[in-house]
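2 protein chains.
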Amino acid sequence: MGASNNMQVVTTIEQLKTIVNDIKRQGKTIGLVPTMGYLHEGHLTLASTSKVENDFTVMSIFVNPTQFGPNEDFDSYPRDLERDTKLADSVGVDVIFAPSVEEMYPTNGGISIRAGRQSEILCGASRPGHFDGVLQVVAKLFHLAEPTRAYFGQKDAQQVAIIQTLVRDFNFPLTIRTVPIVREEDGLAKSSRNVYLSEEDRQQAPAIYEALQMAREHFLSSFHVEEAIELAQNHINQKTSGRIDYLQLLSYPDLAEITTETEQFLLATAVYIGKTRLIDNIIFSNKG
Amino acid sequence: MGASNNMQVVTTIEQLKTIVNDIKRQGKTIGLVPTMGYLHEGHLTLASTSKVENDFTVMSIFVNPTQFGPNEDFDSYPRDLERDTKLADSVGVDVIFAPSVEEMYPTNGGISIRAGRQSEILCGASRPGHFDGVLQVVAKLFHLAEPTRAYFGQKDAQQVAIIQTLVRDFNFPLTIRTVPIVREEDGLAKSSRNVYLSEEDRQQAPAIYEALQMAREHFLSSFHVEEAIELAQNHINQKTSGRIDYLQLLSYPDLAEITTETEQFLLATAVYIGKTRLIDNIIFSNKG
Numbered sequence: 001m002g003a004s005n006n007m008q009v010v011t012t013i014e015q016l017k018t019i020v021n022d023i024k025r026q027g028k029t030i031g032l033v034p035t036m037g038y039l040h041e042g043h044l045t046l047a048s049t050s051k052v053e054n055d056f057t058v059m060s061i062f063v064n065p066t067q068f069g070p071n072e073d074f075d076s077y078p079r080d081l082e083r084d085t086k087l088a089d090s091v092g093v094d095v096i097f098a099p100s101v102e103e104m105y106p107t108n109g110g111i112s113i114r115a116g117r118q119s120e121i122l123c124g125a126s127r128p129g130h131f132d133g134v135l136q137v138v139a140k141l142f143h144l145a146e147p148t149r150a151y152f153g154q155k156d157a158q159q160v161a162i163i164q165t166l167v168r169d170f171n172f173p174l175t176i177r178t179v180p181i182v183r184e185e186d187g188l189a190k191s192s193r194n195v196y197l198s199e200e201d202r203q204q205a206p207a208i209y210e211a212l213q214m215a216r217e218h219f220l221s222s223f224h225v226e227e228a229i230e231l232a233q234n235h236i237n238q239k240t241s242g243r244i245d246y247l248q249l250l251s252y253p254d255l256a257e258i259t260t261e262t263e264q265f266l267l268a269t270a271v272y273i274g275k276t277r278l279i280d281n282i283i284f285s286n287k288g
Numbered sequence: 001m002g003a004s005n006n007m008q009v010v011t012t013i014e015q016l017k018t019i020v021n022d023i024k025r026q027g028k029t030i031g032l033v034p035t036m037g038y039l040h041e042g043h044l045t046l047a048s049t050s051k052v053e054n055d056f057t058v059m060s061i062f063v064n065p066t067q068f069g070p071n072e073d074f075d076s077y078p079r080d081l082e083r084d085t086k087l088a089d090s091v092g093v094d095v096i097f098a099p100s101v102e103e104m105y106p107t108n109g110g111i112s113i114r115a116g117r118q119s120e121i122l123c124g125a126s127r128p129g130h131f132d133g134v135l136q137v138v139a140k141l142f143h144l145a146e147p148t149r150a151y152f153g154q155k156d157a158q159q160v161a162i163i164q165t166l167v168r169d170f171n172f173p174l175t176i177r178t179v180p181i182v183r184e185e186d187g188l189a190k191s192s193r194n195v196y197l198s199e200e201d202r203q204q205a206p207a208i209y210e211a212l213q214m215a216r217e218h219f220l221s222s223f224h225v226e227e228a229i230e231l232a233q234n235h236i237n238q239k240t241s242g243r244i245d246y247l248q249l250l251s252y253p254d255l256a257e258i259t260t261e262t263e264q265f266l267l268a269t270a271v272y273i274g275k276t277r278l279i280d281n282i283i284f285s286n287k288g
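Same order as they appear, the protein sequences are chains A and B.
Here the first sequence is numbered in the UniProt record's numbering, starting from 1 and rising by one per residue.
Here the second sequence is numbered in the UniProt record's numbering, starting from 1 and rising by one per residue.
Calculated from the structure, these hints are not laboratory results.
Not one of these hints is a red herring.
Just so you know, same-sequence chains aren't split out, so a pair can sit in one copy or run between any two.
Result set (DMTMM-like, lysine to aspartate or glutamate): computed pairs, CA atoms no more than 20 angstroms apart in a straight line: (1) Lys239 to Glu199; (2) Lys17 to Asp169; (3) Lys17 to Glu146; (4) Lys24 to Glu146; (5) Lys24 to Asp55; (6) Lys28 to Glu146; (7) Lys155 to Asp245; (8) Lys51 to Asp89.
Can you build the whole structure from these sequences, using the hints too?
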């Protein structure tokens, strides 16, 4: 474990299915770690967790065009398969599935999966169709890798909530596992997009997580949603040159307005620092 | 084979998953025969085919509300689980999965599967949302029964074409198998809905298949689409008191307009005889 284990890199569905069918025939469990590559510690934590919990770990590396909007960064999204391969091998991934766009989308009969009301808020409000694209590629990857467990970072809290709903309402035969946000020492959530930040922007960025922590504390002592949100907004506006896209407190995982019944809370934000959109969140309960 | 084999009838997802997981662990193949019950010879042929091709056969019996329109016959659709159980047992089905509506749809997070352009013609033109509902229940059943092969009757040609597209474009790990239309001695395609026909209507109904055969012969000798269609329409109008909903000649399985490139043809019709809507089709090639 940990050392090189003859990791394979495959690019075709046929190659992946041959491996998956062989593993399934042996009655072994499969962990799937779907990524868009340019791996950081967050991804490697997902893979390490899968390693511990499953006999065999598949990591997909695919920058999925259908989840990018027309004005988003599909073309400039960072890619480095050689580096990713070494990193994945170092944590014991058994196979990397790195298909081309043509391999994943050779045909289009017009059938689509539509994420519903959960996708119309938070990140979804400014990214119409994004979560439809996420569900499309996730459903395909689930069918291709046939995992026992699939691993997602809690950083994309809305994504996790929507994928959990897909698995539940469409009875996918697998379990979604989430791992906590991995942070830099100063609190900034790790992200592939952090490489876009200028030095100055990078120094301001930790204020995002500070703001979320302040809002959580205020909410838990006062139960006053608007005040908690305002406190966090002010902190971000004072400490950064960023523009807040949203900063919201919702029930989790329903992503609905909180009521006196709500037990789990999601405090989530997206902030443009320069041209870079950073997201962060805290999930917490009122049970202390 | 054929004799009683201790068929089980289960109504909960948990019971089905226990059986499926056990069969999969043994490395055995599973055939799934999705039905809405009130079994006739067509269904039994699907089950018998599954029996031959797989180690274990699951038949689902579920009248799926999400594929019925508001003015359709969901409430009056015939149901007889006791009779179905005996018939399924007689052809060697291993387990019947007969869930309640609540068991199949306990939650609704708002995610949907939308059948696209293939669903806007033929039966879909007069049944908005019908194929969305079909894909919803079929995706759920595929995930629940995890079949190696799933069996559908060619009678529902549009349904088969759309489900084939779902499996192809979303990489479901299974094969769709179709079996030919089973007919009465006078040519009428067997259907659960035939029990609705009055004696007079029943005597007229074979004209539908006669019309399709006439159109095929005319098309293959003349390659004149409009003439072939008109010939069939005239036959139905002269021989029955029915009203033609549609009668079309399309490419198969794309369900697009035929061109000089088309090799496989679908000649499909839906006719209201009295209040009963009957469908029939012929799939044929120009290779004789």
